[in-house]
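Assemble the whole structure, with the sequences as input and the hints as a guide.
Residue numbers (the working numbering), protein chains in the order written: chain A, 1 to 435; chain B, 1001 to 1435.
What the hints contain is simulated information worked out from the structure, not anything from laboratory work. Any given hint could turn out to be false.
Label-pair restraints from in silico Cβ distances [claimed, not checked]:
#, chain 1, residue 1, chain 2, residue 2, range
1, B, D1350, A, A32, 30 to 36 Å
2, B, R1065, A, A72, 54 to 60 Å
3, A, A89, B, A1128, 46 to 52 Å
4, A, S342, B, D1276, 43 to 49 Å
5, B, D1052, A, S342, 43 to 49 Å
6, B, G1353, A, A72, 51 to 57 Å
Virtual Cβ for every residue (Gly too), placed ideally from N, Cα, C.
Residue strings, one per chain:
Number of protein chains: 2
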Amino acid sequence: MSRGKDARPFNIAIAGLGTVGGGVARLLAENADLLAARCGRPLRLVAVSARDRGRDRGLDLGAVRWVDNARALAAAEGVDLLVEAIGGADGIALDLAERSLAIGRHLVTANKALIAHHGHHLAVVAEASGATLAFEGAVAGGIPVIEALRGSLAGNRLSAVYGILNGTCNYLLSGMAESGRPFQTVLEEAQALGYAEADPGFDIDGIDAAHKIAILAALAFGARVDFKAGYTEGVRAITPDDIKYAAELGYRIKLLGLARLVDGRLEQRVHPCLVDARSPIARVDGVLNAVVAQGDFAGQTVFEGSGAGAGPTASAVVGDIVRIVRGGGGPAFSLPADQLASLPRAPMEDHSGASYVRLRVLDKPGVIADISAILRDSSVSLESLIQRGRAPDAEVAVVMVTHECRESAMQAALCRIAGLATVTEPPLMIRIEEV
Amino acid sequence: MSRGKDARPFNIAIAGLGTVGGGVARLLAENADLLAARCGRPLRLVAVSARDRGRDRGLDLGAVRWVDNARALAAAEGVDLLVEAIGGADGIALDLAERSLAIGRHLVTANKALIAHHGHHLAVVAEASGATLAFEGAVAGGIPVIEALRGSLAGNRLSAVYGILNGTCNYLLSGMAESGRPFQTVLEEAQALGYAEADPGFDIDGIDAAHKIAILAALAFGARVDFKAGYTEGVRAITPDDIKYAAELGYRIKLLGLARLVDGRLEQRVHPCLVDARSPIARVDGVLNAVVAQGDFAGQTVFEGSGAGAGPTASAVVGDIVRIVRGGGGPAFSLPADQLASLPRAPMEDHSGASYVRLRVLDKPGVIADISAILRDSSVSLESLIQRGRAPDAEVAVVMVTHECRESAMQAALCRIAGLATVTEPPLMIRIEEV
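Below, the structure is given as structure tokens:
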């Protein structure tokens, strides 16, 4: 308890006043009384840096020092903690974080790219100086899942952590499911509503979710965060028909980030999944996020809430600040950096699971026989195969569900199936995930 | 980070080796390597106290000091932290907690009765000595909701916190919904499976949930924990018919604990509720618990998981221990004890809401007119009234949904309706809750 011991204000600087930085500044102002009471001392925003000083952010920054060069904030005088809200994995964000931590100044960020790429290095720098590095806002916005894994569930050996980590993709999949409209139409609507970026690749190709699952995997399994070690696949290929077929089979389609320990090797992957329609995660719709942690003592714990936006992210950043002001320590990734393992990774070819496969084929005699023969030759065993509709000599969909098989066998079969003259477009395979 | 600075073992004593204490001892043993790494020093169980020393608990306690008188553990030498796992709001548990905190020894407990009744007093004692009082396991078992409210969401002004806080009641309501069997039958089945106590009153009369919502209300609203200030109603009166009628109206019946700030007054209540079947909380079935927190910045966050049992509770207790070993401080109820307010309470008579009412009446001409007249005279306005079936001169059910009205008006109307000669049993009223 710092009350009494140290009642001088705790001084905060924010680099970047966009959605995240602006949200943090607003929270610090609006809930200043509450924060002072909960921290035992006032939290004071003393310095900021942003590209456009003139822009109206709806904030009274009159008493705050403006620093034109964000890099200068790293060592600006009279600052106890720096909030990095510039964004990007490298460049100024990395530079600032490194310098700030190197001189023993606490750093809080919601920058998932930065942590997914350089989190281990930054944790090493922080430990050397005794500063705290915190990044609750980097995963699942306002949902306090980082602190849950790092602290509250620290007594557990975790076997899996997974979730809906990208609100944009979840909005698109939910939108297709509700309206039956195609991907491109729903994407344009999401862009108009501000739920998708003008350049949506980062989200819809799964990269954003891959950053987040890399961070969760590191925390859950005591591994060095390693973005590049993961497998990543986005949602562009999914059609409303697939969502409908999946629903008829009792599934919903979700883009999941998953991390699991399989025989001592770490599986870290992002791809669309068919999940049981009755599972808690299946019902998380729209821009919401959800994370599931499976522990040996706690069992399954599910966290659900707002995964992005100014408010939720600011809530997460300020939660980190409160913890730091209260003296709550512990290593950034739960283990001291030198004990974080470079865990062997389970390559995707070795993954084993059941799959949903949707083909478009010409409705001719022998098509199904050709496909079945290829699957048999590749040791992929079928649970069901349904030709959707009848249209002699025209295109129809064929929907298959396989039993569990190796990814490499599945891919080999799909490659041969794609080569059949009667198969009119590349097969779509979606993994079925037990969640 | 305590590594290097202080690598001597952190010594723990456990008072009580029942479900909770035994679970904690097992976790400390089974995950000792993990905990040592995450804490930067070994956690060592050094002393225990339990009624029956001879009982086989599947634990190797050979190296552990046995103390016959649990009270002696409060000041036993060489102990850094005491886990109170004896239970009960008073007696030895209170005595131990008080003495331990008074001499500056950290205390971790999962004892909701103790915290709901004496939490404020214990927080005062802890602050005076500089010890930490922690009770994550007291609410919702393995779900880290206490630390979320106390820390991660501390930047938020909360407007509501509520949830399914009693697994036994949720199991009974889910069981009736699934099987259509009556309360007593499902209760006996739950008792046989160990999901309900032989004497189930504590759970099914809502007292256990009332302890928990008292604790959550204190944390969420900076109030002094006050068990007695709440309204409490259990689930004994609910029939499978009510669950069926509610489902037809688009609702599910859940026992909720709810805490809300209404015009600066604290509503703290436990009672069965009709909740929208599409809400996240409606789908939480069986013995699971769920807690929802509504914050001004984070928005709605939902936590779901195992609310009881040895494993989940041990996970919560050890999560508290890890935080304490890492130096994570801050007041037990998020605010310094002297700043916790004795908030004015909103009495239940002033509560305002819509209700479901189920009557059993004799199917005679004029019954509905009599009931309608009473409601009109009491200023209770009806959204719908349905007589279920036809049985001239015999008993039928009448199901009504009211618009929002004051609790006092509703109760007055129910009292008069109960007095009608044609009404054959006391009316059942269940509040409709927007969640």
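Hint check:
1. D1350/B to A32/A: 30 to 36 Å: Given about 31 Å between the Cβ atoms, the range holds.
2. R1065/B to A72/A: 54 to 60 Å: 57 Å, holds
3. A89/A to A1128/B: 46 to 52 Å: The hint (46 to 52 Å, Cβ to Cβ) holds, given that A89/A and A1128/B are roughly 48 Å apart.
4. S342/A to D1276/B: 43 to 49 Å: About 48 Å separates the Cβ atoms of S342/A and D1276/B, which means 43 to 49 Å holds.
5. D1052/B to S342/A: 43 to 49 Å: 48 Å, holds
6. G1353/B to A72/A: 51 to 57 Å: For G1353/B and A72/A the Cβ distance comes to about 55 Å; the hint holds.
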